[in-house]
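Visitor: Single-letter residue listing:
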Amino acid sequence: MRKILVPHPILTLFITLVWLLLANDFSAGHVVLGLILGIGIPQITSVYWPERPKIGAPLVIVEYVLVVLWDIIVSNVQVARLVLFHRGDALRSTFITVPLELTAPEAITTLAGTITMTPGTVSTDLSADGRALLVHCLDVDDPAGTVAQIKARYEARLKRIFE
Amino acid sequence: MPIVAEFLIAALIVVGAFFLLVGSFALAKLPDMMRRLHGPTKATTLGVGSILIASMAYAAVVRGTLSIHELLITLFLFLTAPVTAFMVAKAHILRDRRERAKLPPTGSEKGWATLDPSPGSTDELAGFERK
Chain A
1 MRKILVPHPI LTLFITLVWL LLANDFSAGH VVLGLILGIG IPQITSVYWP
51 ERPKIGAPLV IVEYVLVVLW DIIVSNVQVA RLVLFHRGDA LRSTFITVPL
101 ELTAPEAITT LAGTITMTPG TVSTDLSADG RALLVHCLDV DDPAGTVAQI
151 KARYEARLKR IFE
Chain B
1 MPIVAEFLIA ALIVVGAFFL LVGSFALAKL PDMMRRLHGP TKATTLGVGS
51 ILIASMAYAA VVRGTLSIHE LLITLFLFLT APVTAFMVAK AHILRDRRER
101 AKLPPTGSEK GWATLDPSPG STDELAGFER K
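Residue numbers (the working numbering), protein chains in the order written: chain A, 1 to 163; chain B, 1 to 131.
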């Protein structure tokens, strides 16, 4: 019964919240309208989402968001410094391979997005078997260290959230 | 409006504008495609973020109303910026033969998804079986 009414409880909450933010209005009418959308849309689209990711460890999610926000600020300053004070040709840009321990598609997507938003790295491709990420670094002197940092800072936390 | 809030909001707008300018400047300055991708994906996040925080602060202090749909712009930016960068990068390594030669190995027998037409990789869920 619960599976039929709300196949994706988190998605339901999320759509309702996004609707309230879009309307910029937290009156009862909009809450009801948001709930109608939040229950209706997952039901109509549930055919395309037969499984749902397991998401646990809410405290780790908060920690992850804070770590990523901080890294985004740091990365902005770093990239700005590299762009303004270094010659473009002098940047030691290279591709690195990040082997993945994550298996859930949602977790890999989150990791790839995070890598793009954080210090000096852009995720470029996924290997055909989903076991490694191709990452481009803007300026790096220690590629192995960058891989280790990505795995320790982001992948370890995502592993606790999604698995 | 209190003078402190006025200064704070002005500072946020200036910081935001600065990072947006740096992001656009990086696009023009850096020498090749992959390096150019770094400017607009990052420098703009903090730029847009600062201006949105300024917008929320302005609504709260000056108009006395709570305005939080700016958070949605942040959300959509965080969803779209990495995906755009990812698609641009994939198209680039598919098209550019010299860039392809520089790619490191994947560490397994399968190649990178954009370039590897090997059997099994046509299945979009290959390697993604849930445990």
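Simulated from the structure, these hints should not be mistaken for laboratory data. All of these numbers come straight from a predicted model, not from anything done at the bench. Glycine is no exception: its CB is placed at the ideal position from the N, C-alpha and C atoms. Treat the hints with caution; some may be incorrect.
What the hints assert, rightly or not - Computed from the model, here is a short list of chain A residues facing chain B with C-beta under 7 angstroms:
id, residue
1, L21
2, N24
3, A28
4, S75
5, N76
6, D89
7, R92
8, P99
9, G113
10, V122
11, L126
12, H136
13, D139
To be verified - Per the computed footprint, the stretches of chain B lying under chain A, defined by three or more beta-carbons under 8 angstroms from a beta-carbon of chain A, are:
id, region
14, 8-15
15, 50-64
Visitor: Give a verdict on every hint.
Guide: Each hint tested on the structure:
1. L21: holds, 5 angstroms
2. N24: holds, 4 angstroms
3. A28: At about 17 angstroms, which exceeds the 7 angstroms cut-off, the nearest Cβ of chain B leaves the hint on A28 (chain A) violated.
4. S75: Since the shortest Cβ distance to chain B is 5 angstroms, the answer is holds.
5. N76: Hint on N76 (chain A): holds, closest Cβ of chain B at ~4 angstroms, below 7 angstroms.
6. D89: Hint on D89 (chain A): holds, closest Cβ of chain B at ~6 angstroms, below 7 angstroms.
7. R92: violated, 11 angstroms
8. P99: With Cβ-Cβ at 5 angstroms, under 7 angstroms, it holds.
9. G113: At 4 angstroms from the nearest chain B Cβ, G113 (chain A) passes the 7 angstroms test, so the hint holds.
10. V122: holds, 5 angstroms
11. L126: At about 5 angstroms, which falls below the 7 angstroms cut-off, the nearest Cβ of chain B leaves the hint on L126 (chain A) intact, so it holds.
12. H136: This hint holds: H136 (chain A) lies near chain B, its Cβ roughly 5 angstroms from the closest one there, short of 7 angstroms.
13. D139: violated, 9 angstroms
14. 8-15: violated (count 0)
15. 50-64: This one is violated; 0 residues, fewer than the three required, reach chain A with a Cβ under 8 angstroms.
Checked against the numbered hints given earlier, the structure breaks hints 3, 7, 13, 14 and 15 and satisfies all the rest.
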